[in-house]
Amino acid sequence: MFSRRDFGAAIGAAAVLGTIGRANAQSSPKPAVDKDTLVIALEKEIQSLDALVTASGDSQRYALQLFDSLYGFDLKGRTVPRMATEVKVSDDGLSYTYKLRPGIRFHNGDPLTSEDVKFTMERVIDPAAKSTRRPFFAPIIAGVETPDPLTVVFKLKQSDGAFLNKIAGFLFIVPKAYTSGLPNTDAFASAPIGSGPYKLKRHNIGQTLELERFEDFYGEKPGVKNLIMKMIPEGSTRVNALLTGEVDLVVQAPLNEKERLSKTPGLKTLTNPVSAPMHVRLYSDDASLPVSKRDVRLALNHALDSKAIIRSVYYGVGQPMGTFISAFYPYGSDPDTKPYAYDPKKARELLKKAGYPDGFQLKLYSANDHPKELAEAIAAYWGQVGVKTEILRIDYAAWSRLNNTHKSGPATITQFTNAIYDPIHPVAGSFSKNGTWSNYYNPEVEALIAKLDSTVGAEKRGAVFREIGRLLHDDAAAVFITELFHLFSHKNGLQWSMQEGSGFLNLRQVSWS
Amino acid sequence: MLRYLTLRIAQSIVTVLLVTMIIFVIIRLIGDPTHLMLPPEATEADRELLRQQMGLSDPVAVQYWRYLLQLLHGDMGMSYRFSLPALDVVLGRIGPTLLLTCTSLAIGILVGVPLGVASAVRPDGWIDFVAKAIALFGQAAPPFFFGLIFVLVFAVQLRWLPTSGYGGPQYLIMPAIALGWYSAAGLMRLTRSNMMEVLTSEYVRMARIKGVPERVVVYKHALKNAALPVLTFASLQFGILMGGAVSIESVFAWPGMGKLILDSIANLDYAVVQAAVTVSALMFTAINLAVDLLYAYIDPRIRYA
Numbered sequence: 313m314f315s316r317r318d319f320g321a322a323i324g325a326a327a328v329l330g331t332i333g334r335a336n337a338q339s340s341p342k343p344a345v346d347k348d349t350l351v352i353a354l355e356k357e358i359q360s361l362d363a364l365v366t367a368s369g370d371s372q373r374y375a376l377q378l379f380d381s382l383y384g385f386d387l388k389g390r391t392v393p394r395m396a397t398e399v400k401v402s403d404d405g406l407s408y409t410y411k412l413r414p415g416i417r418f419h420n421g422d423p424l425t426s427e428d429v430k431f432t433m434e435r436v437i438d439p440a441a442k443s444t445r446r447p448f449f450a451p452i453i454a455g456v457e458t459p460d461p462l463t464v465v466f467k468l469k470q471s472d473g474a475f476l477n478k479i480a481g482f483l484f485i486v487p488k489a490y491t492s493g494l495p496n497t498d499a500f501a502s503a504p505i506g507s508g509p510y511k512l513k514r515h516n517i518g519q520t521l522e523l524e525r526f527e528d529f530y531g532e533k534p535g536v537k538n539l540i541m542k543m544i545p546e547g548s549t550r551v552n553a554l555l556t557g558e559v560d561l562v563v564q565a566p567l568n569e570k571e572r573l574s575k576t577p578g579l580k581t582l583t584n585p586v587s588a589p590m591h592v593r594l595y596s597d598d599a600s601l602p603v604s605k606r607d608v609r610l611a612l613n614h615a616l617d618s619k620a621i622i623r624s625v626y627y628g629v630g631q632p633m634g635t636f637i638s639a640f641y642p643y644g645s646d647p648d649t650k651p652y653a654y655d656p657k658k659a660r661e662l663l664k665k666a667g668y669p670d671g672f673q674l675k676l677y678s679a680n681d682h683p684k685e686l687a688e689a690i691a692a693y694w695g696q697v698g699v700k701t702e703i704l705r706i707d708y709a710a711w712s713r714l715n716n717t718h719k720s721g722p723a724t725i726t727q728f729t730n731a732i733y734d735p736i737h738p739v740a741g742s743f744s745k746n747g748t749w750s751n752y753y754n755p756e757v758e759a760l761i762a763k764l765d766s767t768v769g770a771e772k773r774g775a776v777f778r779e780i781g782r783l784l785h786d787d788a789a790a791v792f793i794t795e796l797f798h799l800f801s802h803k804n805g806l807q808w809s810m811q812e813g814s815g816f817l818n819l820r821q822v823s824w825s
Numbered sequence: 490m491l492r493y494l495t496l497r498i499a500q501s502i503v504t505v506l507l508v509t510m511i512i513f514v515i516i517r518l519i520g521d522p523t524h525l526m527l528p529p530e531a532t533e534a535d536r537e538l539l540r541q542q543m544g545l546s547d548p549v550a551v552q553y554w555r556y557l558l559q560l561l562h563g564d565m566g567m568s569y570r571f572s573l574p575a576l577d578v579v580l581g582r583i584g585p586t587l588l589l590t591c592t593s594l595a596i597g598i599l600v601g602v603p604l605g606v607a608s609a610v611r612p613d614g615w616i617d618f619v620a621k622a623i624a625l626f627g628q629a630a631p632p633f634f635f636g637l638i639f640v641l642v643f644a645v646q647l648r649w650l651p652t653s654g655y656g657g658p659q660y661l662i663m664p665a666i667a668l669g670w671y672s673a674a675g676l677m678r679l680t681r682s683n684m685m686e687v688l689t690s691e692y693v694r695m696a697r698i699k700g701v702p703e704r705v706v707v708y709k710h711a712l713k714n715a716a717l718p719v720l721t722f723a724s725l726q727f728g729i730l731m732g733g734a735v736s737i738e739s740v741f742a743w744p745g746m747g748k749l750i751l752d753s754i755a756n757l758d759y760a761v762v763q764a765a766v767t768v769s770a771l772m773f774t775a776i777n778l779a780v781d782l783l784y785a786y787i788d789p790r791i792r793y794a
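Residue numbers (the working numbering), protein chains in the order written: chain A, 313 to 825; chain B, 490 to 794.
Because the hints were derived from the structure by calculation, they are not lab data.
Possibly wrong hints are sitting among the right ones.
[Claimed, not checked] Once the Cα atoms are required to be at most 25 Å apart in a straight line, the calculated SDA-like pairs of lysine to any residue come out as:
hint : chain 1 : residue 1 : chain 2 : residue 2
1    : A       : Lys-675   : B       : Pro-529
2    : A       : Lys-763   : B       : Glu-530
3    : A       : Lys-719   : B       : Val-549
4    : A       : Lys-763   : A       : Tyr-753
[As the list claims (entries may be wrong)] Computed Cβ-Cβ distance ranges for the label pairs, DEER-style:
hint : chain 1 : residue 1 : chain 2 : residue 2 : range
5    : B       : Leu-725   : A       : Pro-495   : 41 to 47 Å
6    : B       : Ala-534   : A       : Pro-495   : 28 to 34 Å
7    : A       : Asp-528   : B       : Leu-647   : 44 to 50 Å
8    : B       : Leu-647   : A       : Val-392   : 46 to 52 Å
9    : B       : Ala-550   : A       : Ser-766   : 45 to 51 Å
Everything numeric in this text was worked out from a predicted model, so none of it was measured.
Using N, Cα and C, we set each Cβ at its ideal position, and we do this for glycine too.
If we strip away everything but chain A, and leave its shape as in the complex, we get (with noise of 0.2 Å):
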């Protein structure tokens, strides 16, 4: 087995021994393969091309491309008509009517009619299916119906504010006809029939995932005919194989190639936020733990030089937080909620304040899936001021069961992806008193979560969670240490515009200049 500071190690050394000159660090600029392919590397296999089934980190890489929903995200996250052209809300909340686009196609030539939607629906809720998506629609569905071809009417049990973003994020339409066809639940993920700009060439598990333009396709058509999706898990490999022209897009580069890529030229190099606020859990509902207390909290938060830790574990690829709503959400984010000062003669008084004149003992989870270092430096600022930190460095699968189960406490590493481009994920999921992973309570907050139940709208909406996040940050409901982001390198003769603020690659509007 070997570590992340291994391979930085062994690739350190060999620039050294190997005498690594710049002289073809040059990217060539032309296609790895044609102006009609674009060849992508990618940080982890796909799994399922089921992307009502499969996780949705698995799904981001190709749902976009495959699949497409009754309304979308734009590049910034503000939800627009795709396969619907209008949506209608009742003035209870409780019946959503969208109207069809007519003259839409499956890859296999069927065309889109309301039942296909209400059979997705159905697939979703469906047990048997086994959708990872299914806690977001099972417990608010009442029924679909399909008043004429192209109206399908969503009745909901309850109120639910979200939505809109949870139908343009999750449910990615499938033909009923095909669909209900296969001869098991499962057979989908090998065969699937989307109605996105691409349709599957072939899935080599492990390998690669070709996919080809749909000429059907209703919308605009991306300028790359072909696109081929290299599964390259390691770091180094995948920025290697885009610096010898192998590939022309690179997903995920490791943070500790930027500056290398950065400066080779013919290259273009970018990072895109994705809405994650990476933080410390706290189980502040424990009266007897230190972190129940507000003054702890703020000591805490107040003891972390985020900037540093920045530029030193993330590469300064990174931005600080003063609460838990991103600031490249399309609404919710306050620009006047700013970080926490690095403060640790004023963390050392709050503790004191709180009864602690002399710290306390505090164990400190930390899953595999973030970089070790940012446990090691978080420890070493709070044992600064007098917080004796005991890293409990696990494997995330061991983890996420305790995570889950309310058992990471008193204090957890952890962050939150941005799925629907609504707060209310994030928010509810940390920081309510049902939340999967929440230990804290606030009335207040929790006050203002039920009224977003009812309330529809980016404006409307964006208004209360800013109320959340001032809230949040002012009772130091977390310890909120930085944004995150992915990096991303191009050759230069690539234009492509990204999907901003979420995980999810948007290779929709792709061509070489």
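Place chain B on chain A using the hints.
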């Protein structure tokens, strides 16, 4: 001989069954995949519902019994990650894994054994010096280190070979040499020390006194006797290379079993872990069996024991 063979095959089957049982239980102790699959919005009830669909809510003993019954039909369960039969997922990796393992082992044997013999025949000669240097690097540095250097030199700088991937022979060269070097180092050292011991033994001296040509002494009398431990070592190397090439598979994006097992454990894809371990155990015991039979051929004493 037939009795010996039957006994060894029976032992092998018991070993494989034990291995599958141990892995079946252990992987379930690590965690529960529903925690990784479902979003945080999921409740415990949601997870339980999914566990039922996946057949994970029954007691482990019941699950294992069901697994054994399925196994009789060649069914190793479904991979939740790939929505495919676990055995298909594993079999898809067998080709690349065997190709890499066998090529690396062949490099190891073809480089390690002759170098070991040559340096044993003339200790401290120039061949011995070169061989020692190769062995030192091969054993001191982990294979992925050479892998990374190879990529920088031969792919990024010289542009002779592709950086990574699976396909024609051009993709095989760097990972096979990086891995094979490691095996060659061990094989060379073992061959050398065994040969040196055998070459000073009385029957070798006797053969020389009788006037047998030196070539025959070295390759027939000495090497055949020095070969037993080398054979054992090579067969163990096969197992190590097959499952332990994870770092090389990562560096070269090689679609092998090692990375598959590691990822499947990390994602708690029980069925794939079980299938991969079962298939590896079968292959490994088959190799061991073949080696035992080879022993019996090389050393008659084993045959009649």
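Evaluation of the provided hints:
Straight-line distance between C-alpha atoms of Lys-675 of chain A and Pro-529 of chain B comes to about 23 Å, which keeps the hinted pair within the 25 Å bound. Restraint check for Lys-763 of chain A and Glu-530 of chain B: satisfied, since their Cα atoms lie roughly 18 Å apart, inside the 25 Å limit. Between Lys-719 of chain A and Val-549 of chain B, the direct Cα distance comes to roughly 23 Å. Compliance with the 25 Å bound is thereby established for this hinted pair. Under the criterion of a C-alpha separation no larger than 25 Å, the hint pairing Lys-763 of chain A with Tyr-753 of chain A is consistent with the structure, at around 16 Å.
Hint check: Leu-725 of chain B to Pro-495 of chain A, Cβ distance near 43 Å, so the stated range 41 to 47 Å holds. Separated by about 29 Å at the C-beta atoms, Ala-534 of chain B and Pro-495 of chain A satisfy the suggested range of 28 to 34 Å. For Asp-528 of chain A and Leu-647 of chain B, the hinted distance range of 44 to 50 Å is satisfied, since their beta carbons lie about 45 Å from each other. For the hinted restraint 46 to 52 Å between Leu-647 of chain B and Val-392 of chain A, the CB-CB distance of approximately 48 Å keeps it satisfied.
For the hinted restraint 45 to 51 Å between Ala-550 of chain B and Ser-766 of chain A, the CB-CB distance of approximately 49 Å keeps it satisfied.
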